Amino acid sequence: MAQNASGKNINEFVFTGFDTLEKPVSVGIAILAVYILVMLANLANIYVIVIDKRLHQPMYVFICNLAIVDMLFCTSSCPTMIAILIVGFKTISYVPCIIQMYGFGLGYVMEVFTISVMAIDRLFAIIKPLHYHSILTNARSVVLTFLLWILGSIATAIVPGTAVPLPLCSSTIKYVFCDYAAVVRTTCVDPNPYFNLMSSFTFFLMFGTFSLICFTYLKIVIIVVKMTKGSKKKVFHTCLSHLFVIICYYVPTVIVLVLTRFGVALSIDERNGLRVGTILGPSLVNPFIYCFRTKEIRNKILGIVSKVEPTK
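Mind the numbering: the sequence shown is residues 1 to 312 in UniProt numbering, read in order.
No lab work stands behind these hints: they were computed from the structure. As the structure is a computational prediction, the values presented were derived from the model and not from experiment. Don't take each hint at face value.
[To be verified] Between beta-carbon pairs, the in silico distance windows are: (1) G281 to S26: 35 to 43 angstroms; (2) N299 to L147: 49 to 57 angstroms; (3) C169 to I135: 24 to 32 angstroms; (4) K233 to T91: 52 to 60 angstroms; (5) C169 to L205: 42 to 50 angstroms; (6) V14 to V143: 29 to 37 angstroms; (7) V164 to K233: 28 to 36 angstroms; (8) G281 to V225: 41 to 49 angstroms; (9) A33 to S153: 29 to 37 angstroms; (10) D52 to S26: 16 to 24 angstroms; (11) P24 to I247: 26 to 34 angstroms; (12) I86 to L40: 33 to 41 angstroms.
Idealized CB from N, CA, C, for every residue including glycine.
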């Protein structure tokens, strides 16, 4: 329960973001189907990487971590949306709402952190091919992954740290799950300074990580132009999967930020559709990119599938 002398005692919130939707059950079933597919695809990649010792390499550690991040990102929001749309369960208690807000923020931060580290991994693999496995060992990649989670958890603390102390005046959330903007709009204060704070945080996060990624690929391009045709093709194949992941994550996010920044008027349903797309889209595409583009993962999954096929 949130309690403040200048606000109200509010035990739970009510979501109204989907109230104008004409066919909520159909949309809910679609989101549920995609969510299940996201979870199964990412779990399949994790399972293959864990059981196959040949895949116990730094690149696959980061792919495994990306799968975990994608599952966190979707799980922090999709079950709530599915419950609203299919079951009609529109309420959430205060504490679970704050946990959901933090989980969503952590997933957002970890997504860009992981993609950035994967870019650095590709850079080392190309500029130091002979020393790559001695520079970035399995142990170091695991430690680096844990450090990313610690750093991400600390960075995301700004979300509940600035929202929780605010007095609450409304129990209505005009969104489809508990994110920072949704919670701040239920408070008694002017939300704009808090939105500006979060916009600045998001800008530096996105700009910093994207600049790092651009720098790594600029270095890769400088090296690649000096290579033979056969070597260029190999490097291109090595980086293509990661480039697809970058595009699938940053393009939808940038579109939403640009539309918001220039004040483009969107209906509630259009806004919610964009939000759902930016959450489910990359998380669905990522595991299939690495499944189809990475020969080792693809061959292992095909081998498992062939073993479970019924004999004639």
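Hints, verified against the model:
1. Our hint of 35 to 43 angstroms for G281 and S26 is violated, since their Cβ atoms are close to 19 angstroms apart.
2. Distance hint check for N299 and L147: the Cβ-Cβ separation is about 32 angstroms, which falls outside the suggested range of 49 to 57 angstroms.
3. The supplied range of 24 to 32 angstroms is broken by C169 and I135, whose beta-carbon atoms lie about 54 angstroms from each other.
4. The hinted window of 52 to 60 angstroms between K233 and T91 holds, with their beta carbons roughly 56 angstroms apart.
5. Roughly 29 angstroms separates the CB atoms of C169 and L205, a value that falls outside the hinted 42 to 50 angstroms.
6. Distance hint check: the CB atoms of V14 and V143 are about 44 angstroms apart, inconsistent with the given range 29 to 37 angstroms.
7. Between V164 and K233 the Cβ separation comes to about 53 angstroms, which falls outside the hinted range of 28 to 36 angstroms.
8. Under the hint 41 to 49 angstroms, the C-beta atoms of G281 and V225, about 33 angstroms apart, miss the expected range.
9. The hinted window of 29 to 37 angstroms between A33 and S153 holds, with their beta carbons roughly 31 angstroms apart.
10. Here the CB-CB span from D52 to S26 is close to 39 angstroms, at odds with the stated 16 to 24 angstroms.
11. Take P24 and I247: their Cβ atoms lie about 31 angstroms apart, and the range 26 to 34 angstroms holds.
12. A hinted range of 33 to 41 angstroms for the beta carbons of I86 and L40 is inconsistent with their spacing of about 19 angstroms.
Of the numbered hints given earlier, the model fails hints 1, 2, 3, 5, 6, 7, 8, 10 and 12; all others are met.
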